[in-house]
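Chain order of the listed sequences is A and B.
Under UniProt numbering, think of the first position of the first sequence as 1, with each following residue one higher.
Under UniProt numbering, think of the first position of the second sequence as 1, with each following residue one higher.
It is possible that some hints are incorrect.
Distance ranges between label pairs, derived from CB positions [stated by the list, open to error]:
#1 A:30 <-> B:121: 19 to 25 Å
#2 B:219 <-> A:18: 26 to 32 Å
#3 B:200 <-> A:26: 21 to 27 Å
#4 A:33 <-> B:234: 35 to 41 Å
These are calculated hints, taken from the structure and not from any lab test.
Even for Gly, the Cβ is constructed at its ideal location relative to N, Cα and C.
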Amino acid sequence: MNTASVSLGASVSSQSRFTQLVLSAFLGIFVIGVVGFSHIEAVHNAAHDYRHSMAFPCH
Amino acid sequence: MNLFRNVVFIAAIAGLVAGVVLACMQAFATVPLILKAEVYEQAGGGHQHEHAAAPAAPAANATDTNAMSSAAPAPAEAAAPAEDEGWAPADGFERFAFSVLANIVTGIGFALVLVAVSEFAGGIGNWRQGVFWGLAGFAAFTLAPGLGLPPELPAMPAADLTERQIWWWATVAATAAGLGLIAFRKSLPLAILAVALIVAPHIVGAPQPDSFETPIPEGLHHQFVVAVTVTNLVFWLVLGAVVGVVRGRFTGTATSLRDSFA
Chain A
1 MNTASVSLGA SVSSQSRFTQ LVLSAFLGIF VIGVVGFSHI EAVHNAAHDY
51 RHSMAFPCH
Chain B
1 MNLFRNVVFI AAIAGLVAGV VLACMQAFAT VPLILKAEVY EQAGGGHQHE
51 HAAAPAAPAA NATDTNAMSS AAPAPAEAAA PAEDEGWAPA DGFERFAFSV
101 LANIVTGIGF ALVLVAVSEF AGGIGNWRQG VFWGLAGFAA FTLAPGLGLP
151 PELPAMPAAD LTERQIWWWA TVAATAAGLG LIAFRKSLPL AILAVALIVA
201 PHIVGAPQPD SFETPIPEGL HHQFVVAVTV TNLVFWLVLG AVVGVVRGRF
251 TGTATSLRDS FA
């Protein structure tokens with residue numbers, strides 16, 4: 001397991017490591033959700049071309 | 001929160017770079033096709049109304065024509081502006097700027113997911129590993145949902161928005177889980193389960209519209225599907241590669257992580 005020693009933030013405990021990684025993943029999903037999937041009209045219109053270009057469900 | 005800070009830092013750089021690259025590709029490859037489709041969208045409205053300039057929704061047009069044939073046109077015309085969709089960026093620079101912003105912000109979002117998930121598997125050690133992770137991200141976020149819900153242009157018919165969004169996220173999750181099982185669990189039953197997970201959303205099937213009738217020419221749509229798929233492929237490859245490079249600089253031991261993939 002010599003690879004583990006060069007992982008990011010290897011000094012933190014495994015439980016804290018798990019929590020922080022899950023937290024970052026959910027932050028990412030939240031960001032994608034707001035910009036790409038929000039039903040608010042103004043948000044939809046602002047990112048309209050982007051949503052189409054990413055093949056996100058739109059309209 | 002040392003690890004969280006590192007993940008956010010790497011994701012911010014990778015998302016910024018890949019988002020700017022994607023925005024540039026979209027400006028040349030996909031946005032011109034969207035603008036063309038909007039001409040068809042508004043022309044479709046113009047056939048049914050005298051006021052071609054009003055960009056009413058296609059669904060509203062269908063009901064409006066029924067109303068206009070039976071009742072006086074005045075109420076229908078009054079209803080059209082109310083149907084209009086709130087604030088929107090002005091065409092031209094403002095619209096482009098918001099697209100770039102959306103690209104960068106969601107680029108960081110995708111990067112956060114990519115970095116977090118890859119850290120569970122030992123992390124992306126260099127740009128080549130990043131390219132493989134990028135391929136996986138492309139398969140999960142573009143290819144799989146794009147099979148059931150192909151990229152759509154304005155004025156194209158589609159099923160209920162919320163149902164499609166639920167199917168989209170479920171497909172992404174199932175495909176990602178399946179790919180993860182294949183890559184990181186050396187077991188035949190789990191590999192079979194993985195294939196089942198990847199196939200399942202397509203057996204369930206994506207929500208489809210009642211009718212596929214659209215003023216958009218099929219050639220234009222096909223061009224758009226190709227443009228969206230290819231631009232997203234490049235986006236994911238760049239995203240993965242940049243994560244690998246930045247993370248390598250961060251840990252200073254890029255090459256020793258080579259064995260961690262599969």
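Here is how each hint holds up against the structure:
1. Distance hint check: the CB atoms of residue 30 of chain A and residue 121 of chain B are about 22 Å apart, consistent with the given range 19 to 25 Å.
2. With their beta carbons about 49 Å apart, residue 219 of chain B and residue 18 of chain A fall outside the hinted range of 26 to 32 Å.
3. Distance hint for residue 200 of chain B and residue 26 of chain A: a CB-CB separation of about 24 Å, consistent with the stated range 21 to 27 Å.
4. A hinted range of 35 to 41 Å is violated for the C-beta pair residue 33 of chain A and residue 234 of chain B, which are about 24 Å apart.
The structure fails hints 2, 4 (numbered hints given earlier, in ascending order).
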